[in-house]
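Peer 1: Following the hints, put chain B in place on chain A, whose structure we already have.
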Amino acid sequence: GAGVSQSPSNKVTEKGKDVELRCDPISGHTALYWYRQSLGQGLEFLIYFQGNSAPDKSGLPSDRFSAERTGGSVSTLTIQRTQQEDSAVYLCASSTRSRLAGPHTDTQYFGPGTRLTVL
Amino acid sequence: QKEVEQDPGPLSVPEGAIVSLNCTYSNSAFQYFMWYRQYSRKGPELLMYTYSSGNKEDGRFTAQVDKSSKYISLFIRDSQPSDSATYLCAMSAISSGAGSYQLTFGKGTKLSVIP
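Protein chains in written order, with the working numbering: chain A, 1 to 119; chain B, 1001 to 1115.
The following block holds chain A by itself, in its conformation from the complex (with noise of 0.2 Å):
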């Protein structure tokens, strides 16, 4: 079956500017996270959705950083004002996450990532 797909998959950008990343997640997946990977620094998480709950936003690492997930499925990751330091390449990961069946169903399902670099 279709994976978790990201786009786009290289986004080059001036510094300043803003950024939106796509996520769409495996079909009946009702978490879905954001990470940032990132040369010297590996994976970092940034945020999680799990159905209409509010979502953990507890990894981003500023007010620039915004996620919203519509209808419960698509999911975009803004970045404003751009900078260097946000160069990396951001994952998206889904998965079927039981809050009754524990954490096992919580196997995340990583997409290719977005590779965005900021001149």
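Since the hints were made in silico from the structure, they are not lab data. A portion of the hints provided could be inaccurate.
Distance condition first, Cα-Cα at most 30 Å in a straight line; then the derived DSBU-like pairs of lysine-lysine [to be verified]:
id	chain 1	residue 1	chain 2	residue 2
1	B	K1042	B	K1110
2	B	K1002	B	K1070
3	A	K17	A	K57
4	B	K1067	B	K1110
5	B	K1056	B	K1042
6	A	K11	B	K1110
7	A	K57	B	K1067
8	B	K1067	A	K11
9	B	K1002	A	K57
10	B	K1067	B	K1002
11	B	K1042	B	K1002
12	B	K1056	B	K1110
13	A	K57	B	K1070
14	A	K57	B	K1042
15	B	K1070	B	K1110
16	A	K17	B	K1042
17	B	K1002	B	K1110
18	B	K1056	B	K1067
19	A	K15	B	K1042
Peer 2: Frame of chain A; chain B shown alone:
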């Protein structure tokens, strides 16, 4: 001290060798442990997961967790050139309700298996 420490390598071994990859962690709340494999320019793919101490085997791969030492390992037997990738350990704390099972990752170990 970072919550999860992983030697970034790079690690280079001959084909057929046994590979040992390791991570240590400091947060005793971590209960769920995973190994992901990431090929160049691809997203991470789950190899193995476990949520108990001990060993778990899947083909040529064995995951080992020692909670008392806060140490996890991944062993690859009869390594193949196709195993060449970056291996990431990841872990999460169990939370109740609709809480996030966000993963905390090691930085990854880059492995090259030489034919």
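Peer 1: Does each hint hold? Answer for all of them.
Peer 2: Comparing the hints with the structure gives:
Annotation: proposed proximity of K1042 of chain B to K1110 of chain B holds, straight-line Cα distance about 14 Å (limit 30 Å). Taking the CA atoms of K1002 of chain B and K1070 of chain B, the gap is near 13 Å; set against the 30 Å cutoff, the hint holds. Of the supplied pair hints, the one linking K17 of chain A and K57 of chain A holds, its CA atoms being roughly 22 Å apart against a limit of 30 Å. With a C-alpha separation of about 25 Å, the suggested pairing of K1067 of chain B with K1110 of chain B holds against the 30 Å cut-off.
For the hint pairing K1056 of chain B with K1042 of chain B, the CA-to-CA distance comes to about 26 Å; that is within 30 Å, so the pair holds. For the proposed pair K11 of chain A and K1110 of chain B, the alpha carbon gap of about 25 Å is at most 30 Å, so the pair holds. Our distance criterion of 30 Å between C-alpha atoms is met by K57 of chain A and K1067 of chain B, whose separation comes to about 29 Å. At most 30 Å may separate the alpha-carbon atoms for a hinted pair to count; K1067 of chain B and K11 of chain A exceed this at roughly 41 Å.
With a CA separation close to 20 Å, the supplied pair K1002 of chain B and K57 of chain A stays within the 30 Å bound. Distance restraint check for K1067 of chain B and K1002 of chain B: the Cα-Cα separation of roughly 17 Å lies within the 30 Å cut-off, and the hinted pair is therefore satisfied. Distance check on the hinted pair: K1042 of chain B and K1002 of chain B sit about 25 Å apart at the alpha-carbon level, within 30 Å; holds. Taking the CA atoms of K1056 of chain B and K1110 of chain B, the gap is about 22 Å. The hint holds against a cut of 30 Å.
At most 30 Å may separate the alpha-carbon atoms for a hinted pair to count; K57 of chain A and K1070 of chain B meet this at roughly 28 Å. The straight-line distance between the Cα atoms of K57 of chain A and K1042 of chain B is roughly 25 Å, inside the 30 Å bound, and the hint therefore holds. A C-alpha spacing of about 22 Å is found between K1070 of chain B and K1110 of chain B, which places the hinted pair at or below 30 Å, so the restraint holds. Taking the CA atoms of K17 of chain A and K1042 of chain B, the gap is near 26 Å; set against the 30 Å cutoff, the hint holds.
Between K1002 of chain B and K1110 of chain B, the direct Cα distance comes to roughly 19 Å. Compliance with the 30 Å bound is thereby established for this hinted pair. For the proposed pair K1056 of chain B and K1067 of chain B, the alpha carbon gap of about 14 Å is at most 30 Å, so the pair holds. Taking the CA atoms of K15 of chain A and K1042 of chain B, the gap is near 26 Å; set against the 30 Å cutoff, the hint holds.
Of the hints listed earlier, the one the structure fails to meet is number 8.
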